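Chemist: Sequence:
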Amino acid sequence: MDKLYYRASEFEQELVDSRKDVFSRGFNTGFRCLDEICSFKPNYSTIVYSPPHVGKSVITMDILTAQAEMGRKICIYSPEFRDKKELVQALIQARLQKCFFGSLANTITDEEFLSALKFIDEHFVIIVKPKRKKDNSQDKMSIKKIYSEVNKASKHYNVKFDFLFIDPFNYIEKENE
3 MDKLYYRASE FEQELVDSRK DVFSRGFNTG FRCLDEICSF KPNYSTIVYS PPHVGKSVIT
63 MDILTAQAEM GRKICIYSPE FRDKKELVQA LIQARLQKCF FGSLANTITD EEFLSALKFI
123 DEHFVIIVKP KRKKDNSQDK MSIKKIYSEV NKASKHYNVK FDFLFIDPFN YIEKENE
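Under my numbering, think of the first position of the sequence shown as 3, with each following residue one higher.
Calculated from the structure, these hints are not laboratory results. What you are looking at is a predicted structure, and each value in this text was computed from that prediction instead of being measured. Note that the Cβ used here is the ideal one computed from N, Cα and C, for glycine as well. Treat the hints loosely; a few may be bogus.
Computed beta-carbon distance windows for the label pairs [what the hints assert, rightly or not]: (1) S26 to H55: 28 to 38 Å; (2) L119 to P44: 44 to 54 Å; (3) Q99 to F29: 16 to 26 Å; (4) L119 to V60: 32 to 42 Å; (5) F102 to H55: 26 to 36 Å.
The list that follows gives simulated cross-link-like pairs (lysine-lysine, PhoX-like), each with its CA atoms no further than 20 Å apart [what the hints assert, rightly or not]: (6) K43 to K75; (7) K133 to K75; (8) K131 to K176; (9) K87 to K146; (10) K120 to K75; (11) K162 to K147; (12) K43 to K86; (13) K142 to K154; (14) K87 to K43; (15) K86 to K176; (16) K176 to K147; (17) K135 to K86; (18) K135 to K154; (19) K131 to K146; (20) K162 to K120; (21) K147 to K131; (22) K120 to K146; (23) K120 to K100; (24) K87 to K100; (25) K136 to K154; (26) K131 to K86; (27) K133 to K100; (28) K100 to K146; (29) K87 to K157; (30) K133 to K154; (31) K100 to K58; (32) K87 to K120; (33) K133 to K146; (34) K157 to K75; (35) K157 to K147.
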């Protein structure tokens, strides 16, 4: 049986030779201050974790909008939003950098809104949560089902997604394997 344990000194030259490859950058985040400390590498997962109601979804919407501005395609499953309209409205607000409430609410023109809506339509696909049943219960989506829907959407819209955003994970059905 091959040895499965090592000290770093046993493969020191490999470490020296590959040190720049291991930490190669991925996509920039779209925010200079954040780009200094992180990037998004294709085929890797990024988990944003913090207590409820501190702004994870808001900052993530801003980051995803920045990614879309760089031409990337994004698929979103976010059952925390009540419906698809609310989710798209959040993306439009991120794109416009204006809220639909408060002092800036009346400063959004129809042209700005429609331009942002077109942008969202070009770069984002929304996966919605399952409909409520007659007994008012609602199924949760599993990771397997979410990826199945992403694949279907990819084929239907003929698009390769650069990002899949799932928010929050506590709405995901745990599968028995």
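Chemist: State for each hint whether it applies.
Modeler: Tested hints:
A hinted range of 28 to 38 Å for the beta carbons of S26 and H55 is consistent with their spacing of about 35 Å. A hinted range of 44 to 54 Å for the beta carbons of L119 and P44 is inconsistent with their spacing of about 28 Å. Between Q99 and F29 the CB atoms are about 21 Å apart, so this pair conforms to the stated range of 16 to 26 Å. Evaluation of the 32 to 42 Å hint for L119 and V60 yields a failure: the beta carbon distance comes to about 19 Å.
For the hinted restraint 26 to 36 Å between F102 and H55, the CB-CB distance of approximately 19 Å leaves it violated. As the CA atoms of K43 and K75 are separated by approximately 14 Å, the hinted pair is consistent with the 20 Å bound. Between the alpha carbons of K133 and K75 the distance comes to roughly 26 Å, so the proposed pair goes past 20 Å and is violated. Only pairs whose Cα atoms come within 20 Å are accepted, and K131 paired with K176 is accepted, the gap being roughly 15 Å.
Pair hint K87 plus K146 does not hold up; C-alpha atoms about 25 Å apart against a cutoff of 20 Å. Taking the CA atoms of K120 and K75, the gap is about 14 Å. The hint holds against a cut of 20 Å. A distance of roughly 18 Å separates the Cα atoms of K162 and K147; the hinted pair therefore holds under the 20 Å criterion. Restraint check for K43 and K86: not satisfied, since their Cα atoms lie roughly 28 Å apart, outside the 20 Å limit.
With a C-alpha separation of about 18 Å, the suggested pairing of K142 with K154 holds against the 20 Å cut-off. The straight-line distance between the Cα atoms of K87 and K43 is roughly 30 Å, outside the 20 Å bound, and the hint therefore fails. Simply put, K86 and K176 have alpha-carbon atoms about 23 Å apart, too far for the 20 Å limit, and the pair is violated. The straight-line distance between the Cα atoms of K176 and K147 is roughly 11 Å, inside the 20 Å bound, and the hint therefore holds.
The straight-line distance between the Cα atoms of K135 and K86 is roughly 18 Å, inside the 20 Å bound, and the hint therefore holds. Distance restraint check for K135 and K154: the Cα-Cα separation of roughly 23 Å exceeds the 20 Å cut-off, and the hinted pair is therefore not satisfied. Proposed proximity of K131 and K146 is supported: the alpha carbons are some 14 Å apart, at most 20 Å. Restraint check for K162 and K120: the C-alpha separation of about 19 Å stays at or below 20 Å, so the hint holds.
For a cut-off of 20 Å, the pair hint linking K147 to K131 stands: about 11 Å separates their Cα positions. For the given pair, K120 sits about 30 Å from K146 by alpha-carbon distance, which is inconsistent with the 20 Å threshold. Distance hint between K120 and K100 is fulfilled; the C-alpha atoms sit about 17 Å from each other, no more than 20 Å. For the suggested pair K87 and K100, the alpha carbons sit about 17 Å apart, so the restraint of at most 20 Å is met.
Restraint check for K136 and K154: not satisfied, since their Cα atoms lie roughly 26 Å apart, outside the 20 Å limit. Straight-line distance between C-alpha atoms of K131 and K86 comes to about 9 Å, which keeps the hinted pair within the 20 Å bound. Our distance criterion of 20 Å between C-alpha atoms is broken by K133 and K100, whose separation comes to about 31 Å. For the suggested pair K100 and K146, the alpha carbons sit about 35 Å apart, so the restraint of at most 20 Å is broken.
As the CA atoms of K87 and K157 are separated by approximately 23 Å, the hinted pair breaks the 20 Å bound. Restraint check for K133 and K154: satisfied, since their Cα atoms lie roughly 18 Å apart, inside the 20 Å limit. Between K100 and K58, the direct Cα distance comes to roughly 18 Å. Compliance with the 20 Å bound is thereby established for this hinted pair. A threshold of 20 Å between alpha carbons decides the hint, and for K87 with K120 the separation of about 14 Å falls inside it, so the pair holds.
Taking the CA atoms of K133 and K146, the gap is near 18 Å; set against the 20 Å cutoff, the hint holds. Taking the CA atoms of K157 and K75, the gap is near 13 Å; set against the 20 Å cutoff, the hint holds. A hinted pair counts as satisfied when its Cα atoms are at most 20 Å apart, and K157 with K147 qualifies at roughly 15 Å.
In this structure, the hints that do not hold are numbers 2, 4, 5, 7, 9, 12, 14, 15, 18, 22, 25, 27, 28 and 29, in rising order.
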